[in-house]
Each structure stands twice: as structure tokens, then as C-alpha cells.
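Starting from the structure of chain A, add chain B where the hints point.
The residues making up each chain are set out below.
Protein chains: 2
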Amino acid sequence: MENRSILLVSRPEGMPKPENFKLTTAAVPEIGTGEVLIRTIYLSVDPYMRGRMRGVKTYVDPFELGEVLTGGVIGKVIESNHEDFQPGDIVEGRLNWADHSVSDGANIRKIDPDLAPISTGIGVVGMPGLTAYFGLLDIGKPKKGETVVVSGAAGAVGSTVGQIAKIKGCHVVGIAGTEEKCAYLKDELAFDHVINYKTDDIRKKLKEYCPDGVDVYFDNVGGHISDEVLWRINYQARIVVCGQISAYNLQSADKGPRIQGQLIQKSALMKGFIVGDYMDQHNEGYEQLGKWVSEGSIKYRENIIEGLENAPDAFIGLFRGDNLGKQLVRVSEE
Amino acid sequence: MENRSILLVSRPEGMPKPENFKLTTAAVPEIGTGEVLIRTIYLSVDPYMRGRMRGVKTYVDPFELGEVLTGGVIGKVIESNHEDFQPGDIVEGRLNWADHSVSDGANIRKIDPDLAPISTGIGVVGMPGLTAYFGLLDIGKPKKGETVVVSGAAGAVGSTVGQIAKIKGCHVVGIAGTEEKCAYLKDELAFDHVINYKTDDIRKKLKEYCPDGVDVYFDNVGGHISDEVLWRINYQARIVVCGQISAYNLQSADKGPRIQGQLIQKSALMKGFIVGDYMDQHNEGYEQLGKWVSEGSIKYRENIIEGLENAPDAFIGLFRGDNLGKQLVRVSEE
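From first to last, the protein sequence lines stand for chains A and B. In terms of this note's numbering, the numbers along the first sequence are unbroken and rise by one, the last being 334. In terms of this note's numbering, the numbers along the second sequence are unbroken and rise by one, the last being 334.
Watch out, some of these pointers could steer you wrong.
Because identical chains share one entry, a pair is satisfied inside a single copy or across any pair of copies.
Claimed, not checked - Calculated lysine to any residue pairs in the SDA-like style (CA-CA distance at most 25 angstroms, straight line):
1) 186 <-> 290
2) 186 <-> 283
3) 57 <-> 265
4) 186 <-> 303
Since the hints were derived computationally from the structure, they do not count as laboratory data.
Chain A extracted, bound-state conformation (with noise of 0.2 angstroms):
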């Protein structure tokens, strides 16, 4: 039996390009004393992973040249020495990317396929459906009929922050950057407003939108976009720095208008995070998440390709802004 995995063979400059990877087959590797043999069903790609090309080190550690790549991954136990784990079992943890991983069980989770569909231990009650949650609550702290702002609303994260802030009550705006993305956020997902920052102004729009100021600003984005967003921050306001997909991809430091001065005369908060800030609380996330999901309070689309041998594709996707929802890539079949 083959194993196909997916090497970094070269570090992108700028946009990632389909030679920054290759393909790689070899045998699917035995497993020893308490490991877990894993059959990739679903594969993640995160914009976060771009960061992870560059070779610096960061909150997570690089990726190495001529290595196979890791990410998030569904998969399905097809043979365990491990005492944890059962041949069918569905597991969720940060694998390879190929047809088989290998686990000693401490990097995975198992997954209840009869809860909600298995894909959604990569999205929405997954890391980007975490992200969202803790983001959200625990930094945005958003409170009743305050206006939240959410760019790369359409995305995996972004359209979930959009979802639990209208149940918090607030009043809700999405950026976006296809007119079929924000249809989707508007009619579909129930945001207040939607920008199409491609097409509107979005300083005017912002005003239009938003004319109580902005409450929260959650950002997976950066660059002008968020600029426009912090002239319009009210007292207090906090902004959650979640992503700036704009700027994985430059090749100098991005420079923008300095920010500090507006935080005082706001007296606002700006914070980063990662979900793993959050380790020990994933499991209030998951099981609130599920629950929202199996209410039909959260709504979800994934965008869906086939086969390991697209993942590169898949990946550089996510900056052309391909993906409504969380893009996957499916290896086999459940």
C-alpha cells in the first residue's frame, strides 16, 4: 500500500506557487508500541500556515525544507496499538499531509460522527470554529446592540464570529470580497450589512453601517482595510487580532499609519491570540460550538476539493480568496 505525502521543498517569496511543493510516495509506515495508524480522510488549509513557510520561528515552529507538511486533519484509525484508540475510530489532530499518519495518540482527539458531520472537527467545531469562540468572547467581549465589525467574514473563521455575535445580540458587519460571499453572510447567515471591499467604498460604507461607531473589530485581515475599520472605533472599543491574510504574502514589512494614537484617544484595546492561548479551555468551546451547530444558531459551508494531490492548490487558494466557508481538501472517503 502507497503512501502519497506532500513535501515543502521550496520557500515561497511572496504568493505561495504550485513548485513550492511536491509530491512524494513512499510505504505506508508500520506503527510501534502505542501508536495509532491514521487514514486521512479530510485535510485543513489555514492561511496560518503560511507563516509557517517562512522558516522563522514563531508561535509554532516552521516548516522544514523537503518535509512533509502538517496541518489539521480527520482521519480514520485503521490500526492501533494504542489503548485509547480502536480500528473506525474518527480522530481529529495535526497530521500529515498524505494518505496515512502516524499518532502516538498524543496529538489527536477522537471525533463523534454522530454528533455533526465528521468535517466539521476541521471547521466549525474545529481550531477555526475555536478561534472564533475564544476571539470573540474572550477578547471581544461583545455585549447586547454594540456593533461588531468581522473582516474575512466569509471565511471559516470569520463567518462563525459574524454567527455568535448576532446571538449575542449585537448588531453585525461583515467585510468581504465577493459579491456571492457577502449574499451568503447577509441572506444565508443573517449579518446586518456586508461590504464588498473590492467594489464599495468601504470608509463610506462603514459610516452608512455602522453609524453608532465600532464596538469590536474582529480582524483576519489587515492592511487598509482594517485602517478604515480603527478611524471608526468607539470608547472602549476592543480589536481582536486574529489574521492579516493581506500581509502573509508581502516580501518587505508592511507599513501602515501608526495606530497607538488613536488607541489613546479611545481608550481601546488591541489584542493577538492564537487558539492554543485558549488550550485548556477547548473543550467548553467544542461543546458550546456543538451545540449552536446542532441548533442551527451556526450555519456552515465548506468548499470542498478532491484529492491530496490538490492541497497545494487548495492552499494558495485562500489568498486569491477562492474559498466561502472553510476550504478542505478530501483524500478518501469517510
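Okay, now just chain B, sitting in the frame of chain A:
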């Protein structure tokens, strides 16, 4: 009896100049029912006043052209139609840049001249002290053994911040702009290290003096000094944005490296504030600061310029970096 006042007659462009101000003379005002007449003893000049001269509404109303400037004042009640105040009382409040002010009692508080020199009521146990106290403790939350960096370290706020951080058991590094200031901070206030931003290589010195990174950065200055500090912050660092004196006289928007990416990398918090945010806790702050000052665990310096007519120059001097410690103007004898 004459009453001299200082008016703002034109809005400064860039660095404030003497011609932006004008001294006028009128009769001492008469007080009405419930009012108090106060003779100014000390007048405080503070960097934040530059913002009020801009003519744009921020957290405080702008100064209007042709009107008397207002600021922190220590004065003596010389006439009173208010039951809470008696002639001879020493009071502190936001009053006129003038020989005399009238108050209805709402914007003044009594100072006990037996506890500490009355001038400290607009200094180390006044607004600058409270600014240091709440900003550092409530936002910075320094823990024993952590590294705290403070810019504008020799000013009224910065010198108090560093000393409170020492009380909390932190490793304290100050940034200031003259050898005299640096020597004072290190020799008299027991800062662990001091960087002269005009003569030292800031990046190199930060690396040397903060070998374990920066946990709390108390920023009074902004600009390139802050850029350097921000690249050395630790995971979960807290950046207290108190002032941006380097930007107050700029005539166009100040650009710099976007910091959101760094905030994500470090899960760091950045928060702006003004002392008014803590209005309901001011008494706690006055009490604790008074205790530290009387114990000798917080020391202070005052830089006193004589004469109301010299208040504009004292103010302009803040931006030249003239003052070591709190900049005061003595308007009359105690």
C-alpha cells in the same frame, strides 16, 4: 487686583511657538452663589495638552481660540461661597492658566498640605502619578521577575512607572534622552538599566538589557523607539499606550511598521488609556501613591519655572525634552 490669563490665539503647526499664546490682563472675577475663588500657586504643563490645541474633539474638548487655557492647578481658596471650601484651603483641579480661577466646587478637590508638599498634588500624587499607577498595574499587570521597559522614563509619569515596577519586583529598563536623566534614573531611582535614545544604539541596548525579552512596555513616546521595543516583546506581553509625544507635533499622519502581526505572534495586548478611565478608583490611587511617597519608596523631582508669563515656554520645553521629572510653573507663593 489684576488677573493675568494665558490664551491660545492660534493653533500650533508642528512644534508650538510663543506666538501661539498671549497673556492678557483683566480684573479678578467676582464669585457667585456656591462658587470659590482660587489663587493659582502651581500650574502643570502636560504633553496631552498639545492634542487639545489641535482643535479636534478627542477624549477632552479642544481648546478654543481666544480662550483661556486650562490645566492642572494647585491653588489656595481666597474667597468662598461654597460650604465645602474655606479660605486657606489648598485645592487641586483643572483650572485656568491664570492668576485666579473661579470654581463651583465640582472640578476641585482638597489637598492636605501636611501629608506631602502641595505641588505633588499635580505630580506624583496627582494625575501623572495616577496615570502611572493605573496604566502599569491595571493594564501592564507586572509580575515579579518580569522585564518592564518604560519610554519617556524621566518624565512625571515614566519615573513613577519605573519605581512602581521596582516595588513589584520587576527588572526595569528606562529610555530617556539626556545623560543627566539617565544618571538620575539609575543612581537615584534604582532603575536596573537606562538607555539614552539620542546616543545609544537602542536595538543593541535593548538586547543587552532585556535578555529575557520584554513583558511590559509602558509607552509614553511612540515612533521608532517603540518600534524597537515592540520587536522584543514576549509571549503574552502587555503594551500600555499612555502617550505618543514623538507624534504630537507631526503635521502629517505618522506611518510605521504595522504591528498587528507581531501582536498575533506574541498573543500580546496593547491598550490605550487615559487616567479618566479610572475615575471611580482615583482615591485608591491617591492613597497608595501617598503611602509610597511618604515611605520613600517612590521619589520624585520637580522642574519649576517661575512666573505665569513663562508657562508657554515651560509647555514648549516638554517637547524639547527639557524637563527631568514633573514640569511645573510657580505662579504665586504658597
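| request: Against the earlier hints, flag every one the structure doesn't satisfy and list their numbers going up. | output: When the structure is compared with the hints, only number 2 turns out to be violated.
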